[in-house]
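Chain by chain, the residues run as shown.
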Amino acid sequence: MGQKITIEPVTRVEGHGKVTIHLDNDGQVTQTRLHIVEFRGFERFVQGRPYWEAPVLVQRLCGICPVSHHLAAAKALDVIVGAGTGEGLTPTGEKMRRLMHYGQIFQSHSLHFFHLASPDLLFGIDADPVKRNVLALALENKDLAVQGVMMRKFGQEIIAATAGKKIHGTGAIPGGINKHLSAEDKERLLNGPAPLNIDSMIDWSLAALEFFDDYHEKNKGVIDQFVEFPSSYLSLVRKDGALDLYHGVLRAKDSKGSIILHDVDYQDYYKYIDEEVRNWSYMKFPYLKELGKQEGWYSVGPLARLNNAEFIDTPLAQKEFEKFKAYTKGGLNHMPMHAHWARLIEILHAAEKMKELLQDPDLMEGELIIKGMKKMEGVGLLEAPRGTLFHHYKINEQDQIKMCNLIVSTTNNNQPMNEAVNQVAKKMMTGKEEITEAMMNAVEVAIRAYDPCLSCATHALGQMPLEISLYNGDKLLHKKRNI
Amino acid sequence: MNQIVNITIDGIECMAQKGQYIVDAAKDNGIYIPTLCNYPGVKPRGSCRICTVKVNGRLMTACTTPVSENMEIINEDPELADLRKAIIELFFIEGNHFCPACEKSGNCELQALAYRYKIMVPRFPYAFPQRELDASNPKLVKDQNRCILCKRCIRGIHDEKGRTIFAYRRRGTHVEIGVDPKIGKDLSDDLAQKSMDICPVGALLVREKGFDVPIGERKYDKQSIGSDIEEKR
Chain R
1 MGQKITIEPV TRVEGHGKVT IHLDNDGQVT QTRLHIVEFR GFERFVQGRP YWEAPVLVQR
61 LCGICPVSHH LAAAKALDVI VGAGTGEGLT PTGEKMRRLM HYGQIFQSHS LHFFHLASPD
121 LLFGIDADPV KRNVLALALE NKDLAVQGVM MRKFGQEIIA ATAGKKIHGT GAIPGGINKH
181 LSAEDKERLL NGPAPLNIDS MIDWSLAALE FFDDYHEKNK GVIDQFVEFP SSYLSLVRKD
241 GALDLYHGVL RAKDSKGSII LHDVDYQDYY KYIDEEVRNW SYMKFPYLKE LGKQEGWYSV
301 GPLARLNNAE FIDTPLAQKE FEKFKAYTKG GLNHMPMHAH WARLIEILHA AEKMKELLQD
361 PDLMEGELII KGMKKMEGVG LLEAPRGTLF HHYKINEQDQ IKMCNLIVST TNNNQPMNEA
421 VNQVAKKMMT GKEEITEAMM NAVEVAIRAY DPCLSCATHA LGQMPLEISL YNGDKLLHKK
481 RNI
Chain X
1 MNQIVNITID GIECMAQKGQ YIVDAAKDNG IYIPTLCNYP GVKPRGSCRI CTVKVNGRLM
61 TACTTPVSEN MEIINEDPEL ADLRKAIIEL FFIEGNHFCP ACEKSGNCEL QALAYRYKIM
121 VPRFPYAFPQ RELDASNPKL VKDQNRCILC KRCIRGIHDE KGRTIFAYRR RGTHVEIGVD
181 PKIGKDLSDD LAQKSMDICP VGALLVREKG FDVPIGERKY DKQSIGSDIE EKR
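As they're listed, the protein sequences go chains R and X. Residue 289 in the numbering used here sits at position 289 of the first sequence, and the numbers go up by one each step. Residue 39 in the numbering used here sits at position 39 of the second sequence, and the numbers go up by one each step.
Errors might be hidden in some of the hints.
Over the 12 angstroms line for every Cβ pair with chain R, so calculated as not near, a few chain X residues [claimed, not checked]:
hint, residue
1, R58
2, L83
3, H174
Chain R is nowhere near these chain X residues, computed Cβ spacing over 12 angstroms in every case [to be verified]:
hint, residue
4, G11
5, K54
6, P66
7, A86
8, G156
9, K232
Okay, the calculated bits of chain R under chain X, using three or more residues with CB under 8 angstroms as the criterion [stated by the list, open to error]:
hint, region
10, 114 to 120
11, 162 to 170
12, 397 to 409
Derived from the structure by calculation, the hints contain no laboratory data. For glycine and all other residues, C-beta sits at the position ideal for the given N, C-alpha and C.
Model the full structure from these sequences, guided by the hints.
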């Protein structure tokens, strides 16, 4: 008799979902799926609304990275109001938005690493579930926990200074931004009392990388061998090949490292990317049209970005990037657990960028908005913390949104997460008589490496849990998690 | 010469000009009586009832009742507070008010009153009416979801020939305010802005203009509704 395992909830991820794992009579894993079982529907209910509401309305998709949606929508509307794409804005407009975005990257990555991922690293995948959380982290490693909380706070302060509020602000408007950086905020964020100043944040970002390096050195099995599979990678890169989280051209590499999407203008994304719907998940499966549904899936996020970028334009992060690239001898890095490493390098990069921008006089004065010849359609892309985020709008003659398409970062990672679940399940559960808590957490650890935001990606409403279930042939062995 | 009359509001002795409406007399004496359908310079209607006070024991609308000698007015007691709160709640449940994405958030009088009366959740069930966005005017967007039918736009906005631009249309629970398609098509930018400003909520929006005033710099971000009047006492 076969078995079906259900893991519910998958914890320490943003959003809701479940994992099912089918085992045959011999205990071999025959099928694994990460199901996202809820639906949200923002694309539908923005229809009919005035287009200028979109950046403020659509950001309500998420409470973790609303800035990403806010800015991606604003970028799409820049095109509609004739301000062009990223380069078209006034220096103040672009730089204020960039500062907001780096604040967002910094806080979201910090949240993920310190609050969600670090308990697995510190206490081990097989630790008591009661212990595998940020509260235990605070009790056992107070300095690291405080560091995580304060880094997140600093990122949120940057967002408040640029968007008006820490969560769901209104800073970006079609064609630019609605405010300058105040002298008080600039002084506070640059030179405020430690640790809430930018130099402390850079120091802590470096310390987090040291922590990871040390852990990596001692736990190669967890970081290197835990899960590994070939994947294509998609991300924005700056036109000169640098890592750029706010604006650039679309680049994709296949699993061997050949460029298969050659730095194309993202206004044409729909020529290269399509989405497949499968009847067991509300999360779509995007793929590169050229490679087709089967082979065209790709990964996005920190690992994809560092795989695609040629260099980083901030010195400290560049040094870390060189170490990162050297680890795979310049080739692609196919180890999803290395996304933690890539994320920490991006934290450092964001901190360096924030320092550069906070010192830039363009943020304190200059024109805020620019507009030009109106268009009826616009696409806005950026690299959200979790990966490439697509916002596409069409409007009618009366300025109402008539079409909205969102491909959210985590959606792009749908197939890679399923691959990771499959590989870990096979490795941990094949032929085992008893499925332990540690085995199920291992599946979650693989999902967690992608820092998924399932509510964003599926537009889900409803209850929180992500569940994992295990089938043995036809027999469902349901394991509902109680944490 | 204006004749002065003596009145009391919540037991406070006040002086007012004879014929002055209670709401204005209270304001001159540093006492805030909430209003929604009332607007300076526009003939009062008393339709929203939010300014209801007790005059010599009877419930009266303060925006349409003139003061008279020795009038005893109660503006603040638990019964009136609950009545006003209920009216605000009814406005919220009767329309589709989604403050987070509304351009008027922070400048909205209904929202400001909800904060003043500490409304967390309405006691009545939401009606979720099906309403449309009328974007046919070249200068203005009329969002029927947010309209509270106060008629401030009908009463306060006129073109250079004195013609009204807005009017009620349809009947019963379907009644709504529409923009006159003929007169409205030549609406000036200035009048479009005035229309948006006179609307206490976000039902009238100037086209292609939104969120250019940052959070924290909007009217009621800086000062809660009525506190400018009360601080004069």
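- Query: Can you list which hints this structure breaks, lowest number first?
  - Reply: The structure conflicts with hint 10 only, although it agrees with all the remaining ones.
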